[in-house]
Amino acid sequence: MVEWTEFERATIQDIFTNMNYDVVGPQSLARCLIVYPWTQRYFGKFGVLYNAAAIMGNPMIAAHGKVVLRGLEEAAKNMDNIKATYADLSVLHSEKLHVDPDNFRLLGDCLTVVVAAQLGAAFTPEAQAAFQKFLAVAISSLQRQYH
Amino acid sequence: MSLSAKDKAAVRDLWSKVSGKADDIGNDALSRMLVVYPQTKTYFSHWKDLSPGSAPVRKHGKTVMGGVAEAVSKIDDLTSGLLNLSELHAFQLRVDPANFKILSHNILVVLAAMFPDDFTPEAHVAMDKFLSALALALAEKYR
Chain A
1 MVEWTEFERA
11 TIQDIFTNMN
21 YDVVGPQSLA
31 RCLIVYPWTQ
41 RYFGKFGVLY
51 NAAAIMGNPM
61 IAAHGKVVLR
71 GLEEAAKNMD
81 NIKATYADLS
91 VLHSEKLHVD
101 PDNFRLLGDC
111 LTVVVAAQLG
121 AAFTPEAQAA
131 FQKFLAVAIS
141 SLQRQYH
Chain B
1 MSLSAKDKAA
11 VRDLWSKVSG
21 KADDIGNDAL
31 SRMLVVYPQT
41 KTYFSHWKDL
51 SPGSAPVRKH
61 GKTVMGGVAE
71 AVSKIDDLTS
81 GLLNLSELHA
91 FQLRVDPANF
101 KILSHNILVV
111 LAAMFPDDFT
121 PEAHVAMDKF
131 LSALALALAE
141 KYR
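Keeping their order, the protein sequence lines are chains A and B.
Per UniProt numbering, residue 1 is the first one in the first sequence, and the count goes up by one each step.
Per UniProt numbering, residue 1 is the first one in the second sequence, and the count goes up by one each step.
Hints were generated in silico from the structure; no laboratory data involved.
Keep in mind that the hints are not guaranteed to be accurate.
As the list claims (entries may be wrong) - DEER-style ranges, computed between Cβ atoms:
| no. | chain 1 | residue 1 | chain 2 | residue 2 | range |
| --- | --- | --- | --- | --- | --- |
| 1 | B | Lys59 | A | Asn18 | 29 to 39 Å |
| 2 | A | Gly47 | B | Ser51 | 39 to 49 Å |
| 3 | A | Glu74 | B | Arg94 | 36 to 46 Å |
| 4 | A | Lys45 | B | Asp23 | 42 to 52 Å |
| 5 | A | Asp22 | B | Ala5 | 29 to 39 Å |
| 6 | B | Asp49 | A | Leu92 | 44 to 54 Å |
| 7 | B | Ser51 | A | Ala136 | 16 to 26 Å |
| 8 | B | Asp118 | A | Phe43 | 20 to 30 Å |
Think of the CB as a built atom: it goes at the ideal place given N, C-alpha and C, for glycine as much as any other residue.
Based on the sequences and whatever the hints tell you, model everything.
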């Protein structure tokens, strides 16, 4: 069972309540595909990923970025039960999508960078710690059903 | 994953925009590292105060960013350019190289927070590659 402090709960709720999903989702996924180009292996059917400009302007990537972020929102809404919340998603990523779990961490790092850019100084070291702990739990739960 | 001419140009370009705030970047990145990755505090047990923005943290952030500045100037040959720093880290400091990745991540987070418009995805990938190459050069003398 993950133990969350009051500060951590409040910080995560705060971040997700005030999140601009239309910006953060697309930007995080696009950044991941640009900064770690090998992640593009999972997006063969997503149109043109030729260069950074193409990726940033790709509507299929933008739409998918929002899907991923809404998935994280589910975890934020169920912080005491992320493992169970993500059971089906974990099977999906393992059995159907065949995603190497290391990619979750790469996307998580890009998400952290984008959130930092959005919040600036408000993204204090303590807030960053809470956010990264949350991402670590989400990622661990997503890896749970791999075998 | 070596640095292309385009990467080096992007790093120099970004550095010219952010180097004026190098001290603040160093302080913020180090502060975040100590808070977000508490295991890194083990290297600083000789400091009186490990809290964000404390005097020892500020001072050391400056030192670290001085190293980054040196690396930018020697970007065409990091391995030989940073030999002295590598020997320092290998034989005296003996910092586990896994921690270079951790500090690099926090430098990227700070750049995003402080320079959201300049830290474009292109600048991000170039900087990430550069910091990885820097870490590799620092680890050169380890074994």
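Discussion item. Given the hint of 39 to 49 Å, is the C-beta distance from glycine 47(A) to serine 51(B) inside that range or not?
Written reply: 48 Å, holds
Discussion item. Looking only at beta-carbon atoms, does the pair aspartate 22(A), alanine 5(B) fall within the given range of 29 to 39 Å?
Written reply: 36 Å, holds
Worksheet item: Per the hint of 36 to 46 Å, is the separation of the Cβ atoms of glutamate 74(A) and arginine 94(B) within bounds?
Response: Holds, since glutamate 74(A) and arginine 94(B) (Cβ atoms, about 43 Å apart) stay within the stated range.
Worksheet item: Lying within 29 to 39 Å: is that true of the beta-carbon distance lysine 59(B) to asparagine 18(A)?
Response: 35 Å, holds
Practice prompt. With respect to the beta-carbon atoms only, verify the hint that aspartate 49(B) and leucine 92(A) lie 44 to 54 Å apart.
Written response: About 47 Å separates the Cβ atoms of aspartate 49(B) and leucine 92(A), which means 44 to 54 Å holds.
Discussion item. Holds or violated: the 42 to 52 Å window for the beta-carbon distance between lysine 45(A) and aspartate 23(B)?
Written reply: Given a distance of about 47 Å, which is inside 42 to 52 Å, the answer is holds.
Worksheet entry | Verdict for aspartate 118(B), phenylalanine 43(A) (Cβ pair) under range 20 to 30 Å | 27 Å, holds
Practice prompt. Could you check the hint for me, namely that serine 51(B) and alanine 136(A) are 16 to 26 Å apart, CB to CB?
Written response: 23 Å, holds
Hint violations for this structure: none, all hints satisfied.
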